[in-house]
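Protein chains in written order, with the UniProt record's numbering: chain A, 1 to 631; chain B, 1 to 422.
Mixed in with the good hints there might be a few duds.
Stated by the list, open to error - DSSO-like, lysine-lysine: derived pairs with alpha carbons at most 27 Å apart:
hint, chain 1, residue 1, chain 2, residue 2
1, B, Lys125, A, Lys433
2, A, Lys108, A, Lys84
3, B, Lys417, A, Lys433
Calculated directly from the structure, the hints in this document are not laboratory data.
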Amino acid sequence: MALLATLLALRKDPRIQRLPPYLSLIFIIVGVAWLLLLPLDEYSRETYVSENALLPGQVHTYFTGSEHNIFRAYRHEVAALADKPVEERSRALTDIFRSHNLKAATQKYTYQPSGRNITNQNVYAVLQGPRADATEALVLIAAWRNMDGEVNYSGVALVLTLARYFKRWSLWSKDIIFLISGDSTSGPQAWVDAYHNSHSPAAIDPLPIKSGALQGAIAIDYPAGPWGHRFDKLHIMYDGVNGQLSNLDLFNTAVNIANGQMGIGCTLQRMWSHKNTYQDRLQTMLRGMLSQGLGHASGPHSAFIPYHVDAITLQTVGDGWHDEMSLGRTVESLFRSLNNLLEHLHQSFFFYLLLHSMRFVSIGTYLPSAMLLAASFSISAIALWVQSGRPDLDTPVPNPASTHPSPQEKKSPSIEEEKKPTAMTEVHLDTHKTLIPSALLTTTERSLLYPTLFTLLSHTLGLLPLYLFNNTPPSYLPTLLNLSLVLSPALPLLTASFLSSSPPLRPTSQQTTLIQSFSLLLLGMFLAALATLNFSLAFLVGCLCSPLAFTRYLPGKKIASAAQTLLLAALNPVVVIRAACWFWGADVGDVVVRAAEGWHVWGLWTQVVVWEVWWPAWFAGGVVVGRGLFS
Amino acid sequence: MSMDQQKALLFGAAAAVRLVLFTAFPSLPNLLAGRVEVSTPVTSFKRLQEGLFLYTHNVSPYDGGIYHQAPLLLPLFSLLPDPSYFPFATNLLYTAVDLLGAYALIQIAESGQSATPRLFQSSRKDMRWSSVAVAAGFLLNPFTVATCISHSTAALSNMFILTAMAKASQGAIITFAFALAVASYLSLHPVLLFPPLLFLCYDVRASRSTAAPKLALYALTLTAGFGAACGLLLYLSASLTGSWEFLMSTYGVRLLLPDLTPNVGLWWYFFIEMFDSFREFFLGVFWLHVASYMPGFTIRLRKQPLFAAMSLTGIFAIFTPYPSIADAALYLSLLPLFRHLFPLMRYTFLASAAILYASFLGPAFYYLWIYAGSGNANFFYAITLVWSLGLSIIVGDSLYAALRDELDVERPELRGKEVKRI
Numbered sequence: 001m002a003l004l005a006t007l008l009a010l011r012k013d014p015r016i017q018r019l020p021p022y023l024s025l026i027f028i029i030v031g032v033a034w035l036l037l038l039p040l041d042e043y044s045r046e047t048y049v050s051e052n053a054l055l056p057g058q059v060h061t062y063f064t065g066s067e068h069n070i071f072r073a074y075r076h077e078v079a080a081l082a083d084k085p086v087e088e089r090s091r092a093l094t095d096i097f098r099s100h101n102l103k104a105a106t107q108k109y110t111y112q113p114s115g116r117n118i119t120n121q122n123v124y125a126v127l128q129g130p131r132a133d134a135t136e137a138l139v140l141i142a143a144w145r146n147m148d149g150e151v152n153y154s155g156v157a158l159v160l161t162l163a164r165y166f167k168r169w170s171l172w173s174k175d176i177i178f179l180i181s182g183d184s185t186s187g188p189q190a191w192v193d194a195y196h197n198s199h200s201p202a203a204i205d206p207l208p209i210k211s212g213a214l215q216g217a218i219a220i221d222y223p224a225g226p227w228g229h230r231f232d233k234l235h236i237m238y239d240g241v242n243g244q245l246s247n248l249d250l251f252n253t254a255v256n257i258a259n260g261q262m263g264i265g266c267t268l269q270r271m272w273s274h275k276n277t278y279q280d281r282l283q284t285m286l287r288g289m290l291s292q293g294l295g296h297a298s299g300p301h302s303a304f305i306p307y308h309v310d311a312i313t314l315q316t317v318g319d320g321w322h323d324e325m326s327l328g329r330t331v332e333s334l335f336r337s338l339n340n341l342l343e344h345l346h347q348s349f350f351f352y353l354l355l356h357s358m359r360f361v362s363i364g365t366y367l368p369s370a371m372l373l374a375a376s377f378s379i380s381a382i383a384l385w386v387q388s389g390r391p392d393l394d395t396p397v398p399n400p401a402s403t404h405p406s407p408q409e410k411k412s413p414s415i416e417e418e419k420k421p422t423a424m425t426e427v428h429l430d431t432h433k434t435l436i437p438s439a440l441l442t443t444t445e446r447s448l449l450y451p452t453l454f455t456l457l458s459h460t461l462g463l464l465p466l467y468l469f470n471n472t473p474p475s476y477l478p479t480l481l482n483l484s485l486v487l488s489p490a491l492p493l494l495t496a497s498f499l500s501s502s503p504p505l506r507p508t509s510q511q512t513t514l515i516q517s518f519s520l521l522l523l524g525m526f527l528a529a530l531a532t533l534n535f536s537l538a539f540l541v542g543c544l545c546s547p548l549a550f551t552r553y554l555p556g557k558k559i560a561s562a563a564q565t566l567l568l569a570a571l572n573p574v575v576v577i578r579a580a581c582w583f584w585g586a587d588v589g590d591v592v593v594r595a596a597e598g599w600h601v602w603g604l605w606t607q608v609v610v611w612e613v614w615w616p617a618w619f620a621g622g623v624v625v626g627r628g629l630f631s
Numbered sequence: 001m002s003m004d005q006q007k008a009l010l011f012g013a014a015a016a017v018r019l020v021l022f023t024a025f026p027s028l029p030n031l032l033a034g035r036v037e038v039s040t041p042v043t044s045f046k047r048l049q050e051g052l053f054l055y056t057h058n059v060s061p062y063d064g065g066i067y068h069q070a071p072l073l074l075p076l077f078s079l080l081p082d083p084s085y086f087p088f089a090t091n092l093l094y095t096a097v098d099l100l101g102a103y104a105l106i107q108i109a110e111s112g113q114s115a116t117p118r119l120f121q122s123s124r125k126d127m128r129w130s131s132v133a134v135a136a137g138f139l140l141n142p143f144t145v146a147t148c149i150s151h152s153t154a155a156l157s158n159m160f161i162l163t164a165m166a167k168a169s170q171g172a173i174i175t176f177a178f179a180l181a182v183a184s185y186l187s188l189h190p191v192l193l194f195p196p197l198l199f200l201c202y203d204v205r206a207s208r209s210t211a212a213p214k215l216a217l218y219a220l221t222l223t224a225g226f227g228a229a230c231g232l233l234l235y236l237s238a239s240l241t242g243s244w245e246f247l248m249s250t251y252g253v254r255l256l257l258p259d260l261t262p263n264v265g266l267w268w269y270f271f272i273e274m275f276d277s278f279r280e281f282f283l284g285v286f287w288l289h290v291a292s293y294m295p296g297f298t299i300r301l302r303k304q305p306l307f308a309a310m311s312l313t314g315i316f317a318i319f320t321p322y323p324s325i326a327d328a329a330l331y332l333s334l335l336p337l338f339r340h341l342f343p344l345m346r347y348t349f350l351a352s353a354a355i356l357y358a359s360f361l362g363p364a365f366y367y368l369w370i371y372a373g374s375g376n377a378n379f380f381y382a383i384t385l386v387w388s389l390g391l392s393i394i395v396g397d398s399l400y401a402a403l404r405d406e407l408d409v410e411r412p413e414l415r416g417k418e419v420k421r422i
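Work out the full structure, taking the sequences as your base and the hints as a guide.
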């Protein structure tokens, strides 16, 4: 209790009230430094297979010899279908599956995101496991076209060959579904939505045949043409839509089998040469975070992860000496491992950052960095709240206890004023009287309605770009982006000058401080919640918003206000997106079109974070700073 | 704008918000009715539908162990058209229920019993919000709106609790006894509100006439009336269902906690973890804990009975077995009646930030646990702890403020001095 009383007494100490900005700064620095420490040996761990049932690489693989001839034949069949219309292709693929004595079916799907038209067909076949009771299934996917739009000749041929090969084995204790999806993102999405009956029946066909609960999915991306191509490494993609990841055990099993059993090197996040140095690890981690933060679909596997189906894509890269048979044996061994599973993958991590194919950081180690960033905003919010409750905001009153006369008193050194006693209130009780300093009896009232409404309105305003960017036809999207590139940075200034020029709407200093406090509180809260769902996105947005914790309403200091305004204008979400596209050489029009597709097809939520978390916080911060220019 | 115009505008706006949400997002009621934060096993509309189906097919609604709500709700809801085909009538009913609750809140605010009860004049009694502002705090509270949209029957209990408080603060004993009896009949724990509201009723009655009636006699009469009303409701229920079995499926469930579906409260996790042999003991302890606040508050806050009753609703929102955001909504909407205590409260920002954080992190963690499969029960339970912490800070802080307010009147020379706990 004594400690509590001491702490409570400290509230009045002016030094405490000067502390928060420094505390915020320390939190941000520690948060970022924390992330930079992660690639070190001391903070990351070697990957390990946690689920005992998987037993990766413990089986002999028999996918060799004559299967190679069959594979080559199918590759030519597939190559012959490359220029054929979709219906004919589907029919031919279905016929091949049927010739293996598999139940096969096709599924048509149509998506119309923001005026574009995506129409295609999925072909799939179900192998009923000889020891299975149709309650569990594994999926083997090859998209007809991969993420770069190339025809996946060898990938599709390999799936067809493996379908024929798997059918002959009697050891499957789960059903196996072979899926040739029309493309790499919408196709798997339509299929997996329909598999779980959550598709929109008007545009997407239901699935005529189904199996049990999906336990895992492996996608193959091997676009080598009809004459083959030997590859060097397997590039494993593991991140799903909205930054959800597949279970680390699946990734580890794939790496273990490819590396240990087949001698194929594994790589991730487009790090074609990885020397396992600090720099390479850091780069891998940052690329992984960026990809997770954007939350886009990175391959055919991405659509499965939101349904809690662990999935990865194996992509062949480089020129080397591994051929399609090594890849086929890798897939065979992987399926034998998954076939062993007694229950859904749950042992290992769902939240991790991979630094190397054999090294990772788990959530307990990395989460504090994003939480520290989020906390820095909360601290600033609390500090601003306390500041708004202090009486000396609008008119600085001299400290009555101070022995030094304040500048104002020096100007008018009349005796009465200097001798003026502290205001006292007389209190009566029965016949007794007592004098109490009035200052102790008054509390500064905060007017909360205006700041609350302002914060709510700025969040409501964010719905407008959210709607526009997701529903504008693609041909107008770049224009819209360029328009908002001009409008968005100017909007807070216009708002601030409008609010300053119309007296009934002009916020007082206290209200301005409270606007910033509330918006930072909400930002801290959203980021803390987001950090648990998509760590990378929360971290990126937190970093980009970090100046908002330090900018202040500075009435009368025009130059400082202008500098703050410029800094914030440079960190406007639209400006940042444009600059990022320029830096990575991405076509900005393509990015916004893909984002709109993601919103409509994959259920992408990144836009909501940008327009409902980041942009309103930035807007409120901009108005608060802008008020300083027009005060 | 005159008071009546303001009221009409507020009621119109609140009804419009609800009806627009109902019509613009037809899937919203189902979504919210499935959220554990909004509907509990004892208030869920989905379970009510199940009970209703059994009831209309002449099967006991309590067969199957899904339905745990009061039997008299069944004839009421069976009068309405089926909400899956024609939801408008149900929507209208729930909107009306909220508006009636707000109307009761306006009556409480206008009675002035919050700042100037008979035995006590707050030194800050001029500091108050208009009754319309208080009602707006109830009607536009997102928690109230979510409860209404989800069709949770907790909205009905809230309305009857507010009506009971309003009638008590007007000294209308018959309607008070009946409203509180219905509230207790619907959700059992409001019975604990009877003693403080009895004092409130008595104080109002005593301040009106020069010769105050005898407290003992008054209490006896009112208790008898309350008991009779409860008895009548139970008798009607028994004759409706044909047996007294409903007692075990409704109040038995509330008391013995057989359904451990997660909720925002503190009980479910404990009772999942608990060894069966200790279950009865801890049930007793937990209930004793909830009930023990009632005599304490009633006696210590004898001078401010409405405040005692309000603090008890806060205790219900934290410590009852099946709380939901509806209980928190009730407490948080009663709090603005005590605007004069706000300057004395010390942790408002901390507590509101905790509640705000919990209401966003809660769904996120529940999603991680149930849908993404990447979290577990501890995630969600940790957040319900934060939620309860935020509410209990407000309850404790407002209690401190109320007592400090009394102290300021009793010992004016101590005003403005820091207090120390010894």
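Notebook entry, point to check: Any hints this thing doesn't respect? Which numbers, in order?
Noted result: Violated hints: none at all, because every hint is consistent with the structure.
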